[in-house]
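Just so you know, the protein sequences line up as chains A, B and C, in that order.
Just add 80 to the spot in the first sequence (first one is 1) and you have our numbering.
Just add 6 to the spot in the second sequence (first one is 1) and you have our numbering.
Just add 39 to the spot in the third sequence (first one is 1) and you have our numbering.
Derived by calculation from the structure, the hints in this document are not laboratory data.
Heads up, the beta-carbon is just placed ideally off N, CA and C, and yes, glycines get one too.
Just to be clear, a hint being listed does not mean it is correct.
To be verified - If you anchor each label on the Cβ, the simulated ranges turn out as follows:
no., chain 1, residue 1, chain 2, residue 2, range
1, B, Lys229, A, Gly172, 34 to 40 Å
2, B, Leu189, C, Leu345, 28 to 34 Å
3, C, Glu45, A, Glu158, 30 to 36 Å
4, C, Glu339, B, Asp179, 32 to 38 Å
5, B, Gly378, A, Val122, 42 to 48 Å
6, A, Val122, C, Gly423, 43 to 49 Å
7, C, Asp238, A, Gly123, 37 to 43 Å
8, B, Asp66, C, Val235, 52 to 58 Å
9, B, Leu189, A, Gly123, 32 to 38 Å
10, C, Glu347, B, Glu183, 17 to 23 Å
11, B, Gly390, C, Glu339, 23 to 29 Å
12, A, Val122, C, Val513, 37 to 43 Å
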Amino acid sequence: MSLYYAETHEWAEINGKVATVGISDFAQGELGDIVFVELPVVGDTVDAGGFLCEVESVKAVSEIYAPVAGKIIEVNEELEDAPEKINENARGAWICKIEFSTLPDGLLSEEEYLKQNS
Amino acid sequence: MSHYVPHTEADIKAMLKDIGVKSKTELFSDVPKKLLLKELNIPEGITQQEVLEFMQKLADANTVYDVVLRGAGSYKHFLPSTVKNLSSRAEFVTAYTPYQAEISQGILQVIFEYQTMICNLTGMEVSNASVYNGASAAAEAILMCKERNKSKVIILGDIRPDTKSTIITYTEDQGLEILDIPLDKDLKGLKEALDDQVACVYVEQPGYLGNVIDAKEVGDIVKGSGAKYIMGCNPISLAILKSPGECGADIAVGDGQPLGLPLGFGGPYLGFMACTEKMMRKIPGRIVGETVDADGKKAYVLTLQAREQHIRRERALSNICSNQALCALTVTIYLSTIGKQGLIDVANECVNLSHYFKNELSKVQGVEFLEGEFFHEFVTITPGKVDAILSELNKVNILGGLKLDRDRILWCVTETVSKECLDFVVDLIRGVL
Amino acid sequence: MKTIFEKSKIGSKGVEIKKQNVPAYEFPEGYRRKDLDLPEVSEIEVVRHYTGLSRRAFGVDNGFYPLGSCTMKYNPKVNEEVAQMRGFTNIHPLQNEENAQGALKAMHILSEYLCEITGMDDITLQPAAGAHGEYTGLKLISKYHKARGDLKRNKIIVPDSAHGTNPASATLAGFEVINIKSDEEHGVDLEELKKVVGDDTAALMLTNPTTLGLFEKNIVKIAEIVHGAGGKLYYDGANLNAIMGVVRPGDMGFDVIHLNLHKTFSTPHGGGGPGSGPVGCKEEFACFLPGPKVEKYGEEYFLVNLPESMGKVGSFYGNFLVYLKALTYILTLGKEGIPYSAKCAVLNANYLKAKLQDKFDTEKDRHCMHEFVISIKKIKEETGVSAMDIAKAMIDGGVHPPTMYFPLIVDEALMFEPTETETKETLDEAIELLNDLHARAYSDPESLKTAPHNAVIRRPDEVMAARKPVLRYVKP
Numbered sequence: 081m082s083l084y085y086a087e088t089h090e091w092a093e094i095n096g097k098v099a100t101v102g103i104s105d106f107a108q109g110e111l112g113d114i115v116f117v118e119l120p121v122v123g124d125t126v127d128a129g130g131f132l133c134e135v136e137s138v139k140a141v142s143e144i145y146a147p148v149a150g151k152i153i154e155v156n157e158e159l160e161d162a163p164e165k166i167n168e169n170a171r172g173a174w175i176c177k178i179e180f181s182t183l184p185d186g187l188l189s190e191e192e193y194l195k196q197n198s
Numbered sequence: 007m008s009h010y011v012p013h014t015e016a017d018i019k020a021m022l023k024d025i026g027v028k029s030k031t032e033l034f035s036d037v038p039k040k041l042l043l044k045e046l047n048i049p050e051g052i053t054q055q056e057v058l059e060f061m062q063k064l065a066d067a068n069t070v071y072d073v074v075l076r077g078a079g080s081y082k083h084f085l086p087s088t089v090k091n092l093s094s095r096a097e098f099v100t101a102y103t104p105y106q107a108e109i110s111q112g113i114l115q116v117i118f119e120y121q122t123m124i125c126n127l128t129g130m131e132v133s134n135a136s137v138y139n140g141a142s143a144a145a146e147a148i149l150m151c152k153e154r155n156k157s158k159v160i161i162l163g164d165i166r167p168d169t170k171s172t173i174i175t176y177t178e179d180q181g182l183e184i185l186d187i188p189l190d191k192d193l194k195g196l197k198e199a200l201d202d203q204v205a206c207v208y209v210e211q212p213g214y215l216g217n218v219i220d221a222k223e224v225g226d227i228v229k230g231s232g233a234k235y236i237m238g239c240n241p242i243s244l245a246i247l248k249s250p251g252e253c254g255a256d257i258a259v260g261d262g263q264p265l266g267l268p269l270g271f272g273g274p275y276l277g278f279m280a281c282t283e284k285m286m287r288k289i290p291g292r293i294v295g296e297t298v299d300a301d302g303k304k305a306y307v308l309t310l311q312a313r314e315q316h317i318r319r320e321r322a323l324s325n326i327c328s329n330q331a332l333c334a335l336t337v338t339i340y341l342s343t344i345g346k347q348g349l350i351d352v353a354n355e356c357v358n359l360s361h362y363f364k365n366e367l368s369k370v371q372g373v374e375f376l377e378g379e380f381f382h383e384f385v386t387i388t389p390g391k392v393d394a395i396l397s398e399l400n401k402v403n404i405l406g407g408l409k410l411d412r413d414r415i416l417w418c419v420t421e422t423v424s425k426e427c428l429d430f431v432v433d434l435i436r437g438v439l
Numbered sequence: 040m041k042t043i044f045e046k047s048k049i050g051s052k053g054v055e056i057k058k059q060n061v062p063a064y065e066f067p068e069g070y071r072r073k074d075l076d077l078p079e080v081s082e083i084e085v086v087r088h089y090t091g092l093s094r095r096a097f098g099v100d101n102g103f104y105p106l107g108s109c110t111m112k113y114n115p116k117v118n119e120e121v122a123q124m125r126g127f128t129n130i131h132p133l134q135n136e137e138n139a140q141g142a143l144k145a146m147h148i149l150s151e152y153l154c155e156i157t158g159m160d161d162i163t164l165q166p167a168a169g170a171h172g173e174y175t176g177l178k179l180i181s182k183y184h185k186a187r188g189d190l191k192r193n194k195i196i197v198p199d200s201a202h203g204t205n206p207a208s209a210t211l212a213g214f215e216v217i218n219i220k221s222d223e224e225h226g227v228d229l230e231e232l233k234k235v236v237g238d239d240t241a242a243l244m245l246t247n248p249t250t251l252g253l254f255e256k257n258i259v260k261i262a263e264i265v266h267g268a269g270g271k272l273y274y275d276g277a278n279l280n281a282i283m284g285v286v287r288p289g290d291m292g293f294d295v296i297h298l299n300l301h302k303t304f305s306t307p308h309g310g311g312g313p314g315s316g317p318v319g320c321k322e323e324f325a326c327f328l329p330g331p332k333v334e335k336y337g338e339e340y341f342l343v344n345l346p347e348s349m350g351k352v353g354s355f356y357g358n359f360l361v362y363l364k365a366l367t368y369i370l371t372l373g374k375e376g377i378p379y380s381a382k383c384a385v386l387n388a389n390y391l392k393a394k395l396q397d398k399f400d401t402e403k404d405r406h407c408m409h410e411f412v413i414s415i416k417k418i419k420e421e422t423g424v425s426a427m428d429i430a431k432a433m434i435d436g437g438v439h440p441p442t443m444y445f446p447l448i449v450d451e452a453l454m455f456e457p458t459e460t461e462t463k464e465t466l467d468e469a470i471e472l473l474n475d476l477h478a479r480a481y482s483d484p485e486s487l488k489t490a491p492h493n494a495v496i497r498r499p500d501e502v503m504a505a506r507k508p509v510l511r512y513v514k515p
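Make the full structure from the sequences, and use the hints.
This is the structure in structure tokens:
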């Protein structure tokens, strides 16, 4: 298992050919109280750096981008009723799992990401 | 010159001095000189007294009918005195959209009550705070059903021409194709047209020509295909007819005018929209929600705002900003005043009187009808006699039904028409024929 | 306050409906609904309930309402009286034209006056609100380009300072939106504009005065650039109050406009509507206007449908009783009253700005038009007190807060639009209130952060409202 971050503030935990994806603690702090997560659709394919889903706070909507290209195989339905879990523990509240074939260039290690956003 | 500027000459002088300019015109120094207008080519201002006299003359140039037997999207109902009185309270009338919840609790609560009433009437779970009118509500509802890979919209049966035209306007740029499917007896047309390309089916209950159908049967067929089911309803009929919720609708819309708003030459009315909880984040317009304040006290706020244009901008599902809030307030007061039994009574009186009228007309030789159940509107067929009937009625200050063509009239009877008057109209028609 | 549903009592009756002696008709079982949950309340309870709620609302009649971009001017009572005349309220939209000559004449006169005030050739009164007007106007532009076979023009250019409805309307009308940044003076950046216009430009949407309350000085150049590329210029009439009768959108080069009669022409906002958003245009677009239109032949008025019309955007002829109020207003003010009111709106805004600009950050080098924006950014950095806190504290001072956090290009923005109908004394009181709040931001910031203190509720929990939506009353 290894952990990567995208410049656009998503984390991806890699397990074989499956990436579990969420948003960074820094991102949740910037967004403020999250009130709704429009979860991706299982079966859809996404591009690396392409649109994945939307996260809403009271007065803003933010796009979340896919850190890897592939197919959505599972979504965290728990977030439908409890979007606040992202605020409480961003690293623990995963949004979806993406089945991918290759890791794209440009992903950051946790250390690099934290350095960029400190 | 009349105007509403409260300043004295001295006020203006003092203010100009504080700003540091010599004249008001100096404040417009950013406007290119060549663009400044010399003079507006409209009449000089007049006193309020003269305006009232002028406008009264215009009002008097319109015929106000003693009896109205015309509906077709605009319905004359009895308006209790509380409705006009309470809805003209200046605190409501002169307020803006309740963005500042702390000083807008009154308006927010009214909208919350309105949403509740619309949900209860339609049997749906979520209502917005209104849109412009029934036609735009239908168009917005169809846009709510837009989905990837689904490009067809079915309009089932006869719908109001204004609504139809508005739907076409709103959908033509969105890659949606409108299919007109007639309401045949065993819904064969509908069954054949439904495929996985159909995003939604829109049906009006009662239909444009007054007809009432088994809307649940339609709902079951639509749901089976995976398309969304939208019902456009006359809200008075919902007092007694199966609610859209009971019929399996995903969205219920309609024009709220019959619920306390005057004919007003077509507006302002309001479009009501309600949907299932599943579609909550797709419904356009303002929505009020209940929450608590910093002290834990019950409070109301505008909520789910991330759907709306001021946040989502070009990605918003709808562009609506202003709605018809004061009309929604009027509806709320109307429904509170006549209450549950009152609305049922209004609906039953409409049904009973219109069926009585049709029954009496059926005894007149030369009058034929369209078949089927109806609510308070129905069509007569009197070949070549339409103009004669309507002009005879006009002479006695009765607004007859709507002329559909040279043979057919669409009649409407509400609780404002007396039995005696209906008997009189039947006799008059007998005379014409 | 309890909801009307909580005041409901089984068997309680308000106003009863007359019953007539005709046979009862029953629908077949499968057609009928099971039950109906509506309030059952006596008439006096209804009256007390809604009177009580009205006391928890705040309108222009209650006090100063400097809500920027919304033009909360006095709504004359005479307008209301006209809109309640029986000859207007009790006429059916589908009664014959010869029986509605007064209504049609009113629509015709109003259309002529609005064309004159905006410098347009033709107009429709059908759109029910500003955003509805934007949509209608953009459809006109779309129809125009398509009718000429100019099918490439699918982009609408929108400045980043625009109202959110502009881009939303453009999307709804089938266009792609190109956002452009403003220049240092918050106007359209001409170089940016030159870069984005081209043979795919359908139109540029512009508010003038801009949403910062400044007159777009380069308007003639902007029109040249857009027209030069074959695009059209769309005028968002939200801010017309500053310039009505002084300078006309049509003379500035605009091709299509919408008006907000509920802003500029004194019709009330009704707690969010109904408004009225007529759309005016130059001759070349007129054939595409929504139908029906009122035409005058001899001394008679008729409703006419145009063959190339875009079709309808809503029921009947729009918000008739609303635009009658605007007609009443225009008749009252007339050719001199209209520009005088605009100039006094600008006077009031500049007076307020002049008195606030020492303590609050705002544009100091130029005169504003009918509104101006102050930024609380510096105050927030120094005290922690935000634009929201100042706004909420104004409520305790008896003044409706200004527009907050708009336009988006100004940090911690508060946008003030006093309108022409406020007295100097009212402005002076507001100035005193804001000076006092400024002082308190430094001496007692906590009292602002917890404001309001005297309203019927404290600040509501908007996060909870959005996370766990309760959108209707459900019996416990």
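For each hint given before, does the structure comply? Return the numbers of the non-compliant ones in rising order. 12
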